[in-house]
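Using the sequences and the hints given, assemble the complete structure.
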Amino acid sequence: KTQVEQSPQSLVVRQGENCVLQCNYSVTPDNHLRWFKQDTGKGLVSLTVLVHENDKTSNGRYSATLDKDAKHSTLHITATLLDDTATYICVVGDRGSALGRLHFGAGTQLIVIP
Amino acid sequence: DMKVTQMPRYLIKRMGENVLLECGQDMSHETMYWYRQDPGLGLQLIYISYDVDSNSEGDIPKGYRVSRKKREHFSLILDSAKTNQTSVYFCASTRGRTAETLYFGSGTRLTVL
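Sequence lines, in order, name chains A and B. Quick note: the first sequence, position 67, residue 67 per this note's numbering, numbers continuous. Position in the second sequence (first residue = 1) + 1000 = this note's numbering.
Heads up, a few of these hints could be off.
Sample of chain A residues with no beta-carbon within 12 Å of chain B, all distances over it, derived [claimed, not checked]:
no., residue
1, 13
2, 42
3, 87
Calculated cross-link-like contacts (lysine-lysine; reagent style DSSO-like; alpha-carbon spacing at most 27 Å) [claimed, not checked]:
no., chain 1, residue 1, chain 2, residue 2
4, A, 68, B, 1013
5, A, 42, B, 1070
6, A, 68, B, 1070
7, B, 1062, A, 56
Chain A side only, calculated, beta carbon under 8 Å to chain B, not exhaustive [unchecked claim]:
no., residue
8, 43
9, 46
10, 68
11, 70
Quick caveat, the hints were computed from the structure, so don't treat them as lab data. Cβ atoms here follow ideal geometry from the backbone N, Cα and C, with glycine treated the same way.
Spelled out as structure tokens, the structure:
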């Protein structure tokens, strides 16, 4: 059973628009949550890590929130660029060490058009 | 330069042939992983290695084995490849003690005919 669900599955926005990607999960315990960006044919690149209840992080035009009570995270991308076209993957870790498991979502495919 | 390097990038094999996928990292990370990524699915863990000769099965180890004789190298071996092992394989590494940044390689796209 999928423990990390991402929505939407795909999204098309115009350059300059903002967008929000959602991640809902059922992983327990939920030690931390990461967002990755995966360009087509490339590996995953970490955007941010959220650890605490109601954590908020910001990394340039990317910002993320985590609500551990609701087991929900959002990734906001402001003023999108063509280079933001990629798959964004939500990953939940059940422990804070390598002994834990990482649970991957299937990703949201974002396409930014001119 | 912190990097995880995978070789080869693309590989085509016939069913029944042996396959060797190589992964290297230059960060002296203790923990390394092998994942496979299939369309519509999240990455699935094949094997995890906590250090040299300290390997554990992941969620889908059947049909795979691994070797880690040096901290910087982690190999994935398919003995007698099957068509359902056609996938993109990713190697990753982390320092291993806390929820630190995970570094991924660029992947190997394996096709088994």
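These are the hints, each one checked on the structure:
no. : hint           : in the structure
1   : 13             : 22 Å, holds
2   : 42             : 5 Å, violated
3   : 87             : 10 Å, violated
4   : A:68 to B:1013 : 45 Å, violated
5   : A:42 to B:1070 : 25 Å, holds
6   : A:68 to B:1070 : 39 Å, violated
7   : B:1062 to A:56 : 39 Å, violated
8   : 43             : 4 Å, holds
9   : 46             : 5 Å, holds
10  : 68             : 14 Å, violated
11  : 70             : 20 Å, violated
Of the numbered hints stated above, those contradicted by the structure are hints 2, 3, 4, 6, 7, 10, 11, listed in ascending order.
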